[in-house]
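> The chain contents come next:
Number of protein chains: 2
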Amino acid sequence: MNLQNDLLLRTARGEKVERPPVWLMRQAGRILPQYRALRGKLSGFKELVETPHLAAEVTIQPVDELGVDAAIIFSDILVIPEAMGLTYEMVEKKGPWFPKTIESLSDVEKLGSGENVLGELQYVFDALSVTKKELNGRVPLIGFAGAPWTIFSYMLEGSGSKTFSKARKFLYQNPTAAHLLLDKITDTTIAYLKQKVRSGANMVQVFDSWAGILPPYQYSEFAIPYIKKIVDSIEDVPVIVFSKGAWFAMDELSKLDCQVLGVDWNTKVSDLRGKLNVQQVLQGNLDPCMLYSSEENVREATLKMLNDFGGKHIANLGHGVYPDTPLDSVKTFVNTVKSYSY
Amino acid sequence: MNLQNDLLLRTARGEKVERPPVWLMRQAGRILPQYRALRGKLSGFKELVETPHLAAEVTIQPVDELGVDAAIIFSDILVIPEAMGLTYEMVEKKGPWFPKTIESLSDVEKLGSGENVLGELQYVFDALSVTKKELNGRVPLIGFAGAPWTIFSYMLEGSGSKTFSKARKFLYQNPTAAHLLLDKITDTTIAYLKQKVRSGANMVQVFDSWAGILPPYQYSEFAIPYIKKIVDSIEDVPVIVFSKGAWFAMDELSKLDCQVLGVDWNTKVSDLRGKLNVQQVLQGNLDPCMLYSSEENVREATLKMLNDFGGKHIANLGHGVYPDTPLDSVKTFVNTVKSYSY
Numbered sequence: 297m298n299l300q301n302d303l304l305l306r307t308a309r310g311e312k313v314e315r316p317p318v319w320l321m322r323q324a325g326r327i328l329p330q331y332r333a334l335r336g337k338l339s340g341f342k343e344l345v346e347t348p349h350l351a352a353e354v355t356i357q358p359v360d361e362l363g364v365d366a367a368i369i370f371s372d373i374l375v376i377p378e379a380m381g382l383t384y385e386m387v388e389k390k391g392p393w394f395p396k397t398i399e400s401l402s403d404v405e406k407l408g409s410g411e412n413v414l415g416e417l418q419y420v421f422d423a424l425s426v427t428k429k430e431l432n433g434r435v436p437l438i439g440f441a442g443a444p445w446t447i448f449s450y451m452l453e454g455s456g457s458k459t460f461s462k463a464r465k466f467l468y469q470n471p472t473a474a475h476l477l478l479d480k481i482t483d484t485t486i487a488y489l490k491q492k493v494r495s496g497a498n499m500v501q502v503f504d505s506w507a508g509i510l511p512p513y514q515y516s517e518f519a520i521p522y523i524k525k526i527v528d529s530i531e532d533v534p535v536i537v538f539s540k541g542a543w544f545a546m547d548e549l550s551k552l553d554c555q556v557l558g559v560d561w562n563t564k565v566s567d568l569r570g571k572l573n574v575q576q577v578l579q580g581n582l583d584p585c586m587l588y589s590s591e592e593n594v595r596e597a598t599l600k601m602l603n604d605f606g607g608k609h610i611a612n613l614g615h616g617v618y619p620d621t622p623l624d625s626v627k628t629f630v631n632t633v634k635s636y637s638y
Numbered sequence: 297m298n299l300q301n302d303l304l305l306r307t308a309r310g311e312k313v314e315r316p317p318v319w320l321m322r323q324a325g326r327i328l329p330q331y332r333a334l335r336g337k338l339s340g341f342k343e344l345v346e347t348p349h350l351a352a353e354v355t356i357q358p359v360d361e362l363g364v365d366a367a368i369i370f371s372d373i374l375v376i377p378e379a380m381g382l383t384y385e386m387v388e389k390k391g392p393w394f395p396k397t398i399e400s401l402s403d404v405e406k407l408g409s410g411e412n413v414l415g416e417l418q419y420v421f422d423a424l425s426v427t428k429k430e431l432n433g434r435v436p437l438i439g440f441a442g443a444p445w446t447i448f449s450y451m452l453e454g455s456g457s458k459t460f461s462k463a464r465k466f467l468y469q470n471p472t473a474a475h476l477l478l479d480k481i482t483d484t485t486i487a488y489l490k491q492k493v494r495s496g497a498n499m500v501q502v503f504d505s506w507a508g509i510l511p512p513y514q515y516s517e518f519a520i521p522y523i524k525k526i527v528d529s530i531e532d533v534p535v536i537v538f539s540k541g542a543w544f545a546m547d548e549l550s551k552l553d554c555q556v557l558g559v560d561w562n563t564k565v566s567d568l569r570g571k572l573n574v575q576q577v578l579q580g581n582l583d584p585c586m587l588y589s590s591e592e593n594v595r596e597a598t599l600k601m602l603n604d605f606g607g608k609h610i611a612n613l614g615h616g617v618y619p620d621t622p623l624d625s626v627k628t629f630v631n632t633v634k635s636y637s638y
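Protein sequences appear in the order of chains D and F. Under the numbering used here, the first residue of the first sequence is numbered 297, with each subsequent residue one higher. Under the numbering used here, the first residue of the second sequence is numbered 297, with each subsequent residue one higher.
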């Protein structure tokens, strides 16, 4: 099916475009009254993730309500460890929790991986197919996965953490098991993303949310090679890599064969385009907290961001939008980008 | 009283020294069996902080047990908001919690500040005096405070946070009140650190633990000027500024009139001494998780760090030592530095 709005894809391919495309990480979620209404009727977050027509419904809500240039499939990065054999629960106001975590090489060896576990993820592919059909070509659909290091962290910690010292300890104490686990996550992620593309994703994003907690030498050893393997395996659609906090690895990230790099709000675009000479299209990076400011400030900051990037740019926040962000601010952000022209 | 070991002070003053001095952030704490034994007998963390002879005892424990080149007074950065009028509780395994937080300008206006509130902190100054006497000149004593932005964050959030979006929202929505609060924290911190120096501190460290969550333009507006005011007010002893995660502000930090800059484990010393041309003495930056590794790896990584810094260096971790770090590893770290020579 032809897309009626392919601005995101043209931008990702490096074409000259009339204005930057815009979408928001976590746009399908609590910022929308429609989402909160639907969510209130359900038993929990996972019911939403695992029920294709509901996941499709919330995926499309921000396209209707905000007029963004892309939909991103409503799902969770933790479906991957679950498919591999570690189930998780989503604890209200606390976040994910794994009753069983990885503690040894034999724990790693027991996990399933790769195409073998795709059957466990059929609900995600179904959600993509339903979304694709219901979107009816209005905008591209983005699929996503966590980067192996981030997934690894959850599998070792069992939840979020202030220091991630359990996951980081494992890298030092058990590097062989760590690499085996990262390999298995990577193989699963590649099979998963390929199947997402087959199910209709026009683009994929790899989120390395916990990139910023590794020292540079470990990020080079335990993160970059696995991201590279994923990037090199996805051939048919553009890939966005977003390594949050990995400013120290920008040089290596800029050499990846992905079309787009995500930029967090700590990073100055002038540094990326300047001394680091990053060539990829960049995505980001308005501070999500800026959306708590006045309409005038949001507009001004958005325009400043657009001018700073000045092209080869997908407008977004520098992180997922926070759940209590005023909807009007989000609309001001989106509309400011949409009225901009190069 | 003359110090028997003034290596830390000579290094901080930029003198040529025989080897780097070594201490660890959080060296007085759960890594030591002596600490755990004493702590087990007490009602809680705050009893230890608020009882001068006990605070002195745990301050000196790592000097005895590890042979480090400095003692750092056992205390907490949150004694400052408490003295200003916001009491906190230390919840076991969860961290600090403030029953009442700052929500408005009038909340800020009600807070005490500066020399007026020093009376509330007498127990800290007493702890320094007792420590000083009991240390008997063996090593220098370091005093510390949180940087204003970090203290501000706790006063707004009421606890740690994944996103600090409440504190960050306040900067955008209420910049006037934010600056007033930062001013009051700064005035209090200056009075506090000066009194610590009068009570025997030979050096002070300012910890900006949450530096890394601000965008660069906000760090320049809401953090750097207040740190600068503190640094410029402390005249008699060397000052260490440790802005964790503020790699994007290194250029501004390098222009501060402080003797030492702390370096986290994400940062490559070659970047600091190279393109950023940082002139201050640097403190850091072994990954605290490296201490979970084998003795051989710890020794090797410590030596690599010492070689990378190559002088004008205070050996330390890139963050506080984690409570479950094996004591033998800590000793290997300390002893490797102590057997090193330039």
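Keep in mind that the hints were calculated from the coordinates and are not lab data. Please read all numbers here as calculations on a predicted model, not as lab measurements. Where hints are given, some of them may not hold.
The list cannot tell twin chains apart, which means a pair is met if one copy fits it or any two copies do.
Dumping the calculated BS3-like pairs for lysine-lysine here, alpha-carbon to alpha-carbon at most 30 Å [unchecked claim]:
{"no.": "1", "residue 1": "LYS571", "residue 2": "LYS342"}
{"no.": "2", "residue 1": "LYS634", "residue 2": "LYS462"}
{"no.": "3", "residue 1": "LYS337", "residue 2": "LYS458"}
{"no.": "4", "residue 1": "LYS627", "residue 2": "LYS462"}
{"no.": "5", "residue 1": "LYS564", "residue 2": "LYS406"}
{"no.": "6", "residue 1": "LYS524", "residue 2": "LYS458"}
{"no.": "7", "residue 1": "LYS490", "residue 2": "LYS406"}
{"no.": "8", "residue 1": "LYS337", "residue 2": "LYS389"}
{"no.": "9", "residue 1": "LYS428", "residue 2": "LYS458"}
{"no.": "10", "residue 1": "LYS390", "residue 2": "LYS312"}
{"no.": "11", "residue 1": "LYS390", "residue 2": "LYS571"}
{"no.": "12", "residue 1": "LYS458", "residue 2": "LYS627"}
{"no.": "13", "residue 1": "LYS396", "residue 2": "LYS551"}
{"no.": "14", "residue 1": "LYS490", "residue 2": "LYS337"}
> Hint by hint, say whether it matches the structure.
Quick rundown of the hints versus the structure:
no. : hint            : verdict
1   : LYS571 / LYS342 : neither (44 Å within a copy, 48 Å between copies)
2   : LYS634 / LYS462 : between (44 Å within a copy, 29 Å between copies)
3   : LYS337 / LYS458 : between (32 Å within a copy, 27 Å between copies)
4   : LYS627 / LYS462 : between (40 Å within a copy, 21 Å between copies)
5   : LYS564 / LYS406 : neither (43 Å within a copy, 37 Å between copies)
6   : LYS524 / LYS458 : both (27 Å within a copy, 28 Å between copies)
7   : LYS490 / LYS406 : within (24 Å within a copy, 59 Å between copies)
8   : LYS337 / LYS389 : within (17 Å within a copy, 34 Å between copies)
9   : LYS428 / LYS458 : neither (38 Å within a copy, 34 Å between copies)
10  : LYS390 / LYS312 : neither (43 Å within a copy, 51 Å between copies)
11  : LYS390 / LYS571 : neither (40 Å within a copy, 42 Å between copies)
12  : LYS458 / LYS627 : between (32 Å within a copy, 25 Å between copies)
13  : LYS396 / LYS551 : neither (37 Å within a copy, 49 Å between copies)
14  : LYS490 / LYS337 : neither (33 Å within a copy, 58 Å between copies)
Checked against the numbered hints given earlier, this structure breaks hints 1, 5, 9, 10, 11, 13 and 14; the rest are met.
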